[in-house]
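Asker: Sequence:
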Amino acid sequence: MEIKISDGIVSRVRGADAPMTGLAIQARKVANFLPLSVRRAGADILHNVDDKYTGIRVNTNRGPVVLEMPTGDSAYRLVHQLPEPNEDGQTEVEMRHFPQIYKPQGIAHIMGQFLESRGFLS
Numbered sequence: 293m294e295i296k297i298s299d300g301i302v303s304r305v306r307g308a309d310a311p312m313t314g315l316a317i318q319a320r321k322v323a324n325f326l327p328l329s330v331r332r333a334g335a336d337i338l339h340n341v342d343d344k345y346t347g348i349r350v351n352t353n354r355g356p357v358v359l360e361m362p363t364g365d366s367a368y369r370l371v372h373q374l375p376e377p378n379e380d381g382q383t384e385v386e387m388r389h390f391p392q393i394y395k396p397q398g399i400a401h402i403m404g405q406f407l408e409s410r411g412f413l414s
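Per this note's numbering, the sequence shown starts with residue 293, numbered consecutively.
If you're looking for bench data, these hints aren't it; they were derived computationally from the structure. Do not take every clue at face value.
Estimated spans, in silico, between C-beta atoms of each pair [stated by the list, open to error]:
(1) E379 with R306: 34 to 44 Å
(2) I393 with D299: 32 to 42 Å
(3) T363 with A310: 31 to 41 Å
(4) D380 with R306: 34 to 44 Å
Beta carbons: idealized from backbone N, C-alpha and C, even for Gly.
Take these sequences, add in the hints, and give me the full structure.
Answerer: Below you can see the structure in the form of structure tokens.
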């Protein structure tokens, strides 16, 4: 499923309404190779217009985790979104980042192994 967040409104994106940007296509490629355990946890492609990123959001048992697609020369970011700000006022914590040298299969594998080994998936 694909979700779009624009002006604070969350809506489902279907068929021809789905963005066809390079980031959206890359997110779909990675999502096709996600392990079954990640798919069962509820992996969705997320187009966040407000925060200006496209990624794959997984609803884990410890809260949502987002794999943000890189823009330009930046790296992929695996971010844990916190339900409430922590003591430092952060609403998200970057857990891992990795360069763009990996193919979609490798990115999906890294994400799945990281979530399983850290107890995010049951």
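Asker: Which hints, by number, does the structure contradict?
Answerer: 3
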